[in-house]
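Asks: Here's the letter readout for the chains.
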Amino acid sequence: MQIWRAILAHPTGRIGAAIIGLYILLALLGAVGLTPHDPLQQFRIDRLKPPSGTYWMGTDLFGRDTASRLMVGIGQSFIIAFASVGLAALAGSIIGLLAGWWGGVADGVLMRIMDVLLSFPAILLALLIIAIVGPGTFTSVAAIAIVYTPIFARVVRGPTLSLKRREFVDAARTFGSSQRYILSHHLLLNLVAPLTVQVTLALAWALLTEAGLSFLGLGTQPPAPSLGLMMSEARNLMQQAPWLLAFPGLTIMLGILGFNLFGDALRDILDPRSQERSS
Amino acid sequence: MSYLARRLLTFPLILLGVSLLVFFSIRLIPGDAITAMLGTEAGLLTPAQRQALAAYFGIDQPVVVQYGRWLTGLLRGDLGVSVTYGRPVLDVILERFPLTLELALLSMLIALAVGVPAGVLAATRKEKASDVGIRVLAMLGQSTPNFVVGLLIIYILSVYFGFIPAMGAFTSLWVDPFANLGQLIFPAITLGFAFAASVTRISRSAMLDVLSDDYIRTARSKGAPGRSVIWHHALPNALIPVVTLSGVEFGYLLGGAVIVEQIFALPGLGRLTLDAIAQRDYALVQGSVLFIAFNFLIVNLLVDLAYAALDPRIRLGAR
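Going down the list, the protein sequences come from chains A and B.
The opening position of the first sequence corresponds to residue 1 in UniProt numbering, with each subsequent residue numbered one higher.
The opening position of the second sequence corresponds to residue 1 in UniProt numbering, with each subsequent residue numbered one higher.
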């Protein structure tokens with residue numbers, strides 16, 4: 001819990017934690033149905049109403065409540081971001097650990113495969129995967145996970161290479177620890193710090209990518225609310241109903257900002273070298 | 001083996017990997033090219049006509065044979081024929097590439113022109129109001145998706161200035177430079193926004209690193225004026241990470257900016273690829289993705305070389 005105290009003492013970490021906390025609360029409320037209105041219900045006589053006491057953030061072309069849709073949309077974005085980054089971190093760590101541990105040809109082959117994946121622009125790789133499987137929540141998760149796996153593989157492989165030559169690893173081997181035990185207990189535990197930082201920053205990128213995919217109509221499918229899709233639907237209405245653009249835009253931006261601030265703070269705390277630089 | 005030689009050797013290997021991945025993954029997409037091309041009219045084709053079309057586009061052979069043919073064609077600079085455009089893939093790509101290249105260059109120019117001075121300013125005024133302000137802006141810039149920036153720009157232009165950026169047909173720089181710039185400047189600002197934010201952050205932290213070095217203290221104690229120390233002694237060394245970051249970002253931008261091209265209705269490489277995937281235009285998807293990956297890898301190689309040139313301490317072999 002020391003780490004939490006450090007984050008809350010960090011000026012930007014505090015702001016980041018507050019934003020993420022607020023978003024998770026809103027998403028949970030949205031998930032259990034505690035929204036101001038039903039996010040899917042169309043109040044036909046109240047179409048394109050500006051923000052008011054009844055509709056805090058106005059209504060869209062179909063008379064649906066923007067605030068309620070945003071709450072559910074945040075949940076949707078968070079589920080995709082957390083699931084995809086979790087998968088990417090898991091797959092990337094395993095690949096990076098094994099590549100670093102085995103070395104030689106296996107290392108070369110694994111990392112060249114990662115290089116191949118990295119030489120595609122992220123959104124294009126995701127598009128290709130979506131074209132194969134068809135759009136939807138699970139596809140978005142898989143596509144974003146594949147896009148970010150190589151980054152985790154790289155983050156883990158470097159330190160693994162230097163850690164495996166350290167004395168405590170030799171000692172563990174001498175005592176007869178199995179390879180799996182050494183990898184999971186000695187190496188992985190030493191990689192928790194860089195991995196945590198990377199996971200937080202990757203969550204910010206995953207939110208960006210998810211918003212981009214749903215903006216292109218390739219993520220969450222309507223009528224389910226999603227932040228990117230709401231922006232895309234608001235494009236042609238920006239003159240009559242600017243609030244339809246403003247609120248989802250701000251929501252996406254603030255959410256990503258939260259993870260960026262939190263990740264930066266974590267890096268300052270866990271990597272003393274970077275702290276000297278930025279404070 | 002030196003680092004450079006190893007890089008040059010793995011280069012074709014990675015390209016081969018990209019070609020395999022694209023070639024086989026696009027064939028996993030449900031639906032066939034001929035139906036995608038002709039729509040409902042495909043139903044009117046006799047089996048013989050369908051067979052003839054498939055043979056014309058070379059998609060009647062087993063997949064492995066198709067791959068072999070495509071690969072040997074590649075070596076001759078022949079990327080095949082696009083089903084949608086009925087023209088050689090390379091021609092279609094090269095037609096779209098100038099726009100993408102110009103947009104990427106313009107965005108990088110904006111990012112460097114804004115980001116480097118902002119980063120240097122923030123580093124020299126560490127913890128003062130201007131530093132905090134710049135850091136907040138940079139953080140916001142990094143957190144804003146480019147479609148939010150793009151739509152905001154369009155909104156401001158149309159509502160407050162009654163101006164709608166010219167969309168549709170692209171005017172080449174050589175035909176009408178002003179019309180060309182008018183078309184590209186706003187998309188470039190959109191892309192340059194987040195890019196400038198990253199440049200600012202990395203310039204600031206690199207500058208702080210360098211400013212604490214001994215040789216800067218020496219220069220100062222010898223009485224070199226403050227401004228000269230910053231711009232002549234510190235900046236060249238602080239630029240090394242900036243070059244790396246800009247190179248990687250530029251490499252990605254050369255792959256086309258799908259979303260920004262979509263918002264501003266620009267016919268760039270990103271939308272070409274997006275449409276080609278939707279159309280099941282196998283040859284075009286393969287060609288454009290390979291082209292994009294090739295550019296990205298070349299830019300990265302050049303960045304590594306520039307890295308060595310900027311920092312004489314780095315001997316490529318020693319890394």
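Calculated from the structure, these hints are not laboratory results.
Just so we're clear, the structure is a prediction, and the values are computed from it rather than from any experiment.
Where is the CB? At the ideal position from N, CA and C, for every residue including glycine.
Where hints are given, some of them may not hold.
Claimed, not checked - Simulated restraints, written as ranges between beta carbons of each label pair: (1) A/Leu61 with B/Val136: 31 to 37 Å; (2) A/Leu61 with B/Leu137: 31 to 37 Å; (3) B/Val64 with A/Glu167: 29 to 35 Å; (4) B/Pro225 with A/Arg173: 57 to 63 Å; (5) B/His232 with A/Ile132: 32 to 38 Å.
Claimed, not checked - Below are the DMTMM-like pairs computed for lysine to aspartate or glutamate, each with C-alpha atoms no more than 25 Å apart in a straight line: (6) B/Lys128 with B/Asp60; (7) A/Lys49 with A/Asp38; (8) B/Lys222 with B/Asp209; (9) B/Lys128 with A/Asp115; (10) B/Lys126 with B/Asp209; (11) B/Lys126 with A/Asp38.
To be verified - Listed below are several chain B residues computed to face chain A (Cβ distance under 10 Å; list not exhaustive): (12) Ile14; (13) Leu75; (14) Arg76; (15) Leu152; (16) Ile154.
Asks: Against each hint, give a clear statement of whether it holds in the structure.
Replies: Evaluation of the provided hints:
no., hint, result
1, A/Leu61 with B/Val136: 31 to 37 Å, "35 Å, holds"
2, A/Leu61 with B/Leu137: 31 to 37 Å, "34 Å, holds"
3, B/Val64 with A/Glu167: 29 to 35 Å, "50 Å, violated"
4, B/Pro225 with A/Arg173: 57 to 63 Å, "59 Å, holds"
5, B/His232 with A/Ile132: 32 to 38 Å, "54 Å, violated"
6, B/Lys128 with B/Asp60, "68 Å, violated"
7, A/Lys49 with A/Asp38, "16 Å, holds"
8, B/Lys222 with B/Asp209, "20 Å, holds"
9, B/Lys128 with A/Asp115, "41 Å, violated"
10, B/Lys126 with B/Asp209, "12 Å, holds"
11, B/Lys126 with A/Asp38, "49 Å, violated"
12, Ile14, "5 Å, holds"
13, Leu75, "19 Å, violated"
14, Arg76, "23 Å, violated"
15, Leu152, "7 Å, holds"
16, Ile154, "7 Å, holds"
Of the numbered hints given earlier, the model fails hints 3, 5, 6, 9, 11, 13, 14; all others are met.
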